[in-house]
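4 protein chains.
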Amino acid sequence: MGKKETAARRLAIIHTARDLFAEKDYYKTKISDITNRLGISHGTFYNYFNNKSDVFTHIIKGYIKRLEEIFLKDNPRLSNNAIEFRNQLVRLTNELFDVFIEDQNMYDLLFFRAEVAGLEIKKEIKKLFKTAELFIEKYLAHGVNKKFLKSSIDASLNAKAIRGMTTVALEDLMENDAPLQLKERWIISLSNFIIDGLS
Amino acid sequence: MGKKETAARRLAIIHTARDLFAEKDYYKTKISDITNRLGISHGTFYNYFNNKSDVFTHIIKGYIKRLEEIFLKDNPRLSNNAIEFRNQLVRLTNELFDVFIEDQNMYDLLFFRAEVAGLEIKKEIKKLFKTAELFIEKYLAHGVNKKFLKSSIDASLNAKAIRGMTTVALEDLMENDAPLQLKERWIISLSNFIIDGLS
Amino acid sequence: MGKKETAARRLAIIHTARDLFAEKDYYKTKISDITNRLGISHGTFYNYFNNKSDVFTHIIKGYIKRLEEIFLKDNPRLSNNAIEFRNQLVRLTNELFDVFIEDQNMYDLLFFRAEVAGLEIKKEIKKLFKTAELFIEKYLAHGVNKKFLKSSIDASLNAKAIRGMTTVALEDLMENDAPLQLKERWIISLSNFIIDGLS
Amino acid sequence: MGKKETAARRLAIIHTARDLFAEKDYYKTKISDITNRLGISHGTFYNYFNNKSDVFTHIIKGYIKRLEEIFLKDNPRLSNNAIEFRNQLVRLTNELFDVFIEDQNMYDLLFFRAEVAGLEIKKEIKKLFKTAELFIEKYLAHGVNKKFLKSSIDASLNAKAIRGMTTVALEDLMENDAPLQLKERWIISLSNFIIDGLS
DNA sequence: CATGAATGAGGTTTCATTCAT
DNA sequence: AATGAATGAAACCTCATTCAT
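Residue numbers (the working numbering), protein chains in the order written: chain D, 7 to 205; chain E, 7 to 205; chain H, 7 to 205; chain R, 7 to 205.
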């Protein structure tokens, strides 16, 4: 087996584990569930990961990294007026939603299943949420600065509120069979709500 | 042991279980953890509950019931204008926040720990969320009807969005050492956001 | 089951474990070997001991304590001449041999099986040997002082040598079917060797 | 790979295995520990040995052979008086000690680690000890015959006793950082003890 | 009702060994 | 010969639950 096949098998384990963790639960997912589904021996699992929590952590960390990239790529300072702000908002939520739609396990794993994982990984997820909130807050602050958002708003709490709205939108998309159409509705609804609410 | 003492011990088990499930996790909480903390034999537990998941379900169902009462008590038709709407909003969120502040375990158990419970109970929680969303939607529809909310709003999605905002507010309150002061800030911020966003 | 029966079962586990550890090996002895021989479930074992190494340590520590008592009871200063010294030597080796003859597992467990146990217990055994050697050395030093032993002897090395002779005697007794007769021969032989060699 | 390289690799495996068995334990030493230290694949191990216990047995048998040679080389009949006897004693213990000092793993492996080996190899070690004791006994018998040792001694037990003394001396040397100086002290001490005790 | 000893299903992990390349 | 992926027997340990006292 060459390097490529080895990497492929590692990936297969990751994907199967990810599916099962999302379907069941960290605890209810047995190593044998993963290996049975792959048609390999349970011992093989341990040639690729040290233990169960190892794969889990790997999956979650991958998700965290992917989301952080979105926040780092964007620049809150680009909009100069409400129209540009809306465009930025639309672009950003669209990208975020796409990431979650693409990997339907992401939402469950990140928001719920990680609960039972070790404290360390929970902290990292918490940090991710904080990052997202601070990111939104910068947007709002910039808007206030540029005068296209009201100066009276409570930027910190509103940032959190927006994070909450977005989370529910994600949940809604995940439960829907045709998420792409629903996505458009959510993007419009959210941007209207935010802009009319804050400007 | 009389009926009263029996009921009291049952309650004590529920409370201790509730605390531990919130502190640790359903899986990480052992029957012996509960009974040890109560200073009773672990065998005694089984005189009050059939098994571990039994107490857990009981706790979650209690929470569900308690929250449903809030929604059933209120009447979305009472407001005739934006000012009355705001008052109703303030009253409602205040009451909701109080319930969660009073029992600090509620948030964690309902939103995260319940994940590991059986499918049936998860469905009930999902239903609770739906109930809440429909309840909010009725509010919005009434407002549109009475013309103090814009007719262009997507009532269904906005109801979900508001549920998301509220959830994040709860999370924020739970993490705060002085939730009562923060509560006021959230109530104002939320009602401003909602009213300015939708009216 | 009362306290007495509980203690009895604990003792039964210790004895069976002790026998098996001596028969086989720490590693080759499985928890199920112990419980099968006792006709109990393997789970029961864990109601009495935390784990395998727990019983093992318990057994070894019991042995160490028992032997230390022998050394602490005796007083190296009692003899004033070679005859008294011989008597003391005879009494002491006799007592030591009896302890090992009484529990035939002691020798193997202490000298060989403990090898595979944790480092801590190995250190304790090493300490026991050092204690024994220092104890013998005091005897020799007292003898030199009282002039019934040669002043030219290397007390430290001779003490070790005597420990070695005694160990081999023990091994020989353990392998013999009629250890009591052989014991007398060893006691005479050892005391002659020591006294004629050092006085 | 030619015959020479093959033999060299086999030897390298033996040496590394020997070191690890002495450092840790038979059980605690994994095949991969051996191969990792050698920088080869663990599969390669099985081109040189059938299994784990195979190397172990090989090592122990090598030690046994080496020690037997010492006993076979010497002739107990060479001394005619106490002085010659002492010289022979000194020469012999010196040689024995040197063998063990040269390969510091030998003592541990032969006296303790071999415990976990199969019954067969344990019997061989026991036989080696018996050989050593019979060898010493012949010395003593010859001394009694030539009248430079007391006729009253219990040659059989004294031979064992001397084996025990020698073993402790070895142990002491192994634990010491400067074994060569200590060796001289032990040789003097042992020969004095033996000669004065038995003659 | 209370107790706590006993049970055993069930899970995780290790590692010697095999074997196709 | 060398490699290292795959295998699976085998062991440890947990803990919910039962039940006799």
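Be a bit skeptical, because a hint or two may be false.
The list cannot tell twin chains apart, which means a pair is met if one copy fits it or any two copies do.
Within a straight-line C-alpha distance of at most 30 Å, the following computed DSSO-like cross-link-like pairs (lysine-lysine) qualify [as the list claims (entries may be wrong)]: (1) Lys128 with Lys144; (2) Lys36 with Lys136; (3) Lys58 with Lys30; (4) Lys79 with Lys156; (5) Lys67 with Lys128; (6) Lys156 with Lys30.
These aren't lab readings, by the way, just hints derived from the structure by calculation.
Please read all numbers here as calculations on a predicted model, not as lab measurements.
List of violated hint numbers, smallest to largest: Checked against the structure, the hints that fail are numbers 2, 6, while the rest are satisfied.
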